[in-house]
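Engineer: Spelled out from the first residue to the last, the chains are:
Protein chains: 2
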Amino acid sequence: MTNKNRGILLVLSGPSGVGKGTVCNALRKMGTELVYSVSATTRTPREGEVHGVNYFFKSREEFSSMIESDDLLEYAEYCGNYYGTPREFVEDTLASGQDIILEIEVQGALKVKNKFPEGVFIFLLPPSLDELQSRIVTRGTETEDVIKSRMSIARDELRLIEHYDYAIVNDQVEAACHRIQAILTAERCRKERMVTTIKQWIEEVQ
Amino acid sequence: MTNKNRGILLVLSGPSGVGKGTVCNALRKMGTELVYSVSATTRTPREGEVHGVNYFFKSREEFSSMIESDDLLEYAEYCGNYYGTPREFVEDTLASGQDIILEIEVQGALKVKNKFPEGVFIFLLPPSLDELQSRIVTRGTETEDVIKSRMSIARDELRLIEHYDYAIVNDQVEAACHRIQAILTAERCRKERMVTTIKQWIEEVQ
Chain A
1 MTNKNRGILL VLSGPSGVGK GTVCNALRKM GTELVYSVSA TTRTPREGEV HGVNYFFKSR
61 EEFSSMIESD DLLEYAEYCG NYYGTPREFV EDTLASGQDI ILEIEVQGAL KVKNKFPEGV
121 FIFLLPPSLD ELQSRIVTRG TETEDVIKSR MSIARDELRL IEHYDYAIVN DQVEAACHRI
181 QAILTAERCR KERMVTTIKQ WIEEVQ
Chain B
1 MTNKNRGILL VLSGPSGVGK GTVCNALRKM GTELVYSVSA TTRTPREGEV HGVNYFFKSR
61 EEFSSMIESD DLLEYAEYCG NYYGTPREFV EDTLASGQDI ILEIEVQGAL KVKNKFPEGV
121 FIFLLPPSLD ELQSRIVTRG TETEDVIKSR MSIARDELRL IEHYDYAIVN DQVEAACHRI
181 QAILTAERCR KERMVTTIKQ WIEEVQ
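Top line first, the protein sequences correspond to chains A and B. For the first sequence, the working numbering assigns the number 1 to the initial residue and increments by one for each residue that follows. For the second sequence, the working numbering assigns the number 1 to the initial residue and increments by one for each residue that follows.
In short, the hints are calculated from the structure, not lab data. Only a predicted model underlies this, so the values are computations on that prediction, with no experimental measurement involved. Hints are supplied without guarantee of correctness; some may be wrong.
All copies of an identical chain are treated as equivalent in the list; a pair is satisfied when it fits inside any one copy or across any two copies.
To be verified - In silico DSS-like links for lysine-lysine, alpha-carbon gap of 30 Å or less: (1) K111 <-> K20; (2) K148 <-> K29; (3) K29 <-> K199; (4) K115 <-> K148; (5) K191 <-> K115; (6) K58 <-> K191; (7) K199 <-> K58; (8) K111 <-> K199; (9) K199 <-> K20; (10) K113 <-> K191; (11) K148 <-> K199; (12) K113 <-> K29; (13) K148 <-> K191.
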């Protein structure tokens, strides 16, 4: 295979509280061969979150400056905080032939889809809506109003599943990770990645 | 999930000698959760092949009668023998919600695609054309003319890869099987399979 293929862009999205971060961390621990995109955010770090690993934690001023310089692939305000995806890192990774995963909220994912329609979009689902509410409550960092607001947003976001390629139920983190790894393996086997090689084989003989 | 989904139709195809049968047998030994379609053929059984497991071995008269009764999903003559796919078994399996794999030559696969465009079509590739020729020679059951004819057909068939969804290199049988299993897992996660469930969730709340 002489032609180096571009990397695959995996976008993992889903409602707040569904466990996107947990699944991404587990994928990393399992040694999945992926580059992990790091988002920028203005929200306060949760316990254990590390700057440059989980997020780039930015002040609102710093974030605004990134928006103005067009340094973000997408950005959105969510529950009073900004979240965004630094553009250059994603583009460089794909050009180098490495696969990259973005963990991102639903609106942001759709903006990325406009720019990278060839990306692979995975919607992470809770086992049920009740279970989603339990998870938001158990996290314990949110007030009752925030919980209600998140559940309402979650229902709206679920309607957007039609824009995605895959849907994975996060019933058990390890099982969800295995499904994502399978999707990655399958996408690496898409015939488009072999067509150039095959044409060379046929030409060499003639 | 109250709505029972239709099964997935996997079609594994590729040039003669690439190892379709070996890969299918290995998938079965690995306990892959799949129903294996059994083709009908008029060719002579090879050593170890069992009627009703590897093929339904038919006389030319029996095969012609199946064609006339429209009992075959597709059939083709290849190197002087008929091969075909009994229709009812495939349709019943899919309707029951089970996934089924067809191991089939390239022309037949394209005929199946006309009837089941929603099927998942996998093209099995040799590591190289030289390697394909070695495998046909090593099999030891073919004359030199047959080998030349098969290589010429193989090159023509390789051009048809564009009609497939996935391409898998059969460099090592176990690795090829793992890729097929990953494709099956990924296809089971296609968002189309979850859309009905999600609509029910949203309706229940409103």
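Engineer: Hints first: check each against the structure and report whether it holds.
Structural biologist: Here is what the structure says about each hint:
Within a single copy, K111 and K20 get their C-alpha atoms as close as 18 Å, which meets the 30 Å cut-off; across copies the closest is 42 Å, which misses it. Taking the closest pair of Cα atoms, K148 and K29 never come within 30 Å of each other, the shortest separation being 33 Å inside a single copy and 50 Å across copies. For the homomeric pair K29 and K199, neither the shortest alpha-carbon distance inside one copy (39 Å) nor that between copies (34 Å) is at most 30 Å. Proximity of K115 to K148 under the C-alpha cut-off of 30 Å is found in neither arrangement, the shortest distances being 32 Å within a copy and 48 Å between copies.
For the identical chains of this complex, K191 and K115 are neighbours both inside a copy (23 Å) and across copies (21 Å), given an alpha-carbon limit of 30 Å. In this assembly of identical chains, the alpha carbons of K58 and K191 never lie at most 30 Å apart, being 41 Å within a copy and 34 Å across copies at closest. In this homomeric assembly, K199 and K58 never come within 30 Å of each other (Cα to Cα): the closest approach is 49 Å inside a single copy and 38 Å across copies. Only between protomers do K111 and K199 lie at most 30 Å apart by alpha-carbon distance; the minimum there is 23 Å, versus 35 Å within a single protomer.
Taking the shortest Cα distances, K199 and K20 sit within 30 Å of each other only across copies (22 Å), while inside one copy they are farther apart (40 Å). In this homomeric assembly, K113 and K191 come within 30 Å of each other (Cα to Cα) both inside a single copy, at 21 Å, and across copies, at 16 Å. In this assembly of identical chains, K148 and K199 lie within 30 Å of each other by CA distance solely across copies; the values are 20 Å between and 56 Å within a copy. Only within a single protomer do K113 and K29 lie at most 30 Å apart by alpha-carbon distance; the minimum there is 27 Å, versus 40 Å between protomers.
Proximity of K148 to K191 under the C-alpha cut-off of 30 Å is restricted to the inter-copy arrangement: shortest distance 26 Å between copies versus 45 Å within a copy.
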